[in-house]
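Enquirer: Chain by chain, the residues:
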Amino acid sequence: MPAMEMSNPAALPADWRDFVALTKPRVMSLVVFTGLAGLLAAPELPPFVLGFTAILCIALGAGACGALNQWYEADIDAKMRRTAKRPLPGGRMGRDSALHFGVGLAVFSVVLVALTTNWLAAALLAVSILFYVLIYTVWLKPRTVQNIVIGGAAGAFPPLIGWVAATGQVAALPLLLFAIIFLWTPPHFWALSLFVRSDYAAAGIPMLPVVAGVESTRRQVFLYTLPMAAAAIAPWPLGMTGPAYGIVSAVLSAVFLVLAGRVLGNRATEPAGMGPEKKLFAYSVFYLFALFTALVADRWLPW
Amino acid sequence: MVTPEDEVIRKRQRERARVMAILLAAFVILLFFITIAKTGMNW
Chain A
1 MPAMEMSNPA ALPADWRDFV ALTKPRVMSL VVFTGLAGLL AAPELPPFVL
51 GFTAILCIAL GAGACGALNQ WYEADIDAKM RRTAKRPLPG GRMGRDSALH
101 FGVGLAVFSV VLVALTTNWL AAALLAVSIL FYVLIYTVWL KPRTVQNIVI
151 GGAAGAFPPL IGWVAATGQV AALPLLLFAI IFLWTPPHFW ALSLFVRSDY
201 AAAGIPMLPV VAGVESTRRQ VFLYTLPMAA AAIAPWPLGM TGPAYGIVSA
251 VLSAVFLVLA GRVLGNRATE PAGMGPEKKL FAYSVFYLFA LFTALVADRW
301 LPW
Chain B
304 MVTPEDEVIR KRQRERARVM AILLAAFVIL LFFITIAKTG MNW
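Chains A and B, in that order, give the protein sequences.
Just so you know, the numbering used here puts 24 at position 24 of the first sequence, and the rest follows in order with no gaps.
In the numbering used here, each number is its position in the second sequence, counted from 1, plus 303.
Just chain A, with the same shape it has in the complex:
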């Protein structure tokens, strides 16, 4: 008997797959990748099992953020097409289950990383979870158009945590990696928010295209791409990476700039005409993967 036919589906014990969905596995994959890149770019590596545990904890911390975000925003998610089928708005899970799962996962990930690597990595993981949940989800997102600009810091922590888990200390390169993701977040999210603007408007989220309009958002996407590209290339001239990373990051950033330029030149106001925005959004995900792959390759391959 399918759950939909039950008198009260939320009263059922939730399916374990819905707990997995609560962790936002697709977002988690990017977080795991950047965390792993931070760890592998470090000058010294921990024993394999400790490095694995550090990355596992970063993943679990990201999962906790996803669960607590969905717990807090269940009513908002119900109003948006993109999120209406998530476990909570879909009625497949009780809110308390999501809250307990999220808090449990957060505590578990921080304690485990503290016991296996070091307290600085654990503190950074705890700060990133609290920042995402309290500063971004609860405070900024429903209140200000700057939500994803400041909130982007939460997603920028993983490479820093990966590096600190390996070395026990903060250095200039992981701070630059932090800056890259921090500056990458606005063009990435604003490209998305341009073509799902009506969703955000319906849910009352003050995303830039809803508040300032499409033209202004396109300008901001292009403007944020400039410092992002500078930060992405910076490790090379600063002597933190080799020319292989420098060349790859320059080419990747040049393509990003071209695509952002096309977004700037687009005049469409309906999602159907927002091909450049969709392309930039898809490319921005590839960009981050490729950039961090180049960083690790530059560190390990004998050029």
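This list has only true hints and no planted wrong ones.
Only pairs whose alpha carbons sit at most 27 Å apart, straight line, appear in this in silico BS3-like list of lysine-lysine:
#, chain 1, residue 1, chain 2, residue 2
1, B, LYS314, A, LYS85
2, B, LYS314, A, LYS24
3, A, LYS278, A, LYS85
4, A, LYS24, A, LYS79
5, A, LYS278, A, LYS24
Read the hints as simulated data drawn from the structure, not as lab findings.
All values reported here derive from a predicted model rather than from experimental measurement.
The hints should help you fit chain B onto chain A, whose structure is shown.
Expert: Below, chain B alone, put in the same frame as chain A:
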């Protein structure tokens, strides 16, 4: 008498218990290897 609703609940509980058992077993194995790595034993 077991109703169809009870059956769905039991099925969910069994599945969740199985997943929990797998995760706990994986965690125990992970803790074992973490202990080996932290104590610096080489084997």
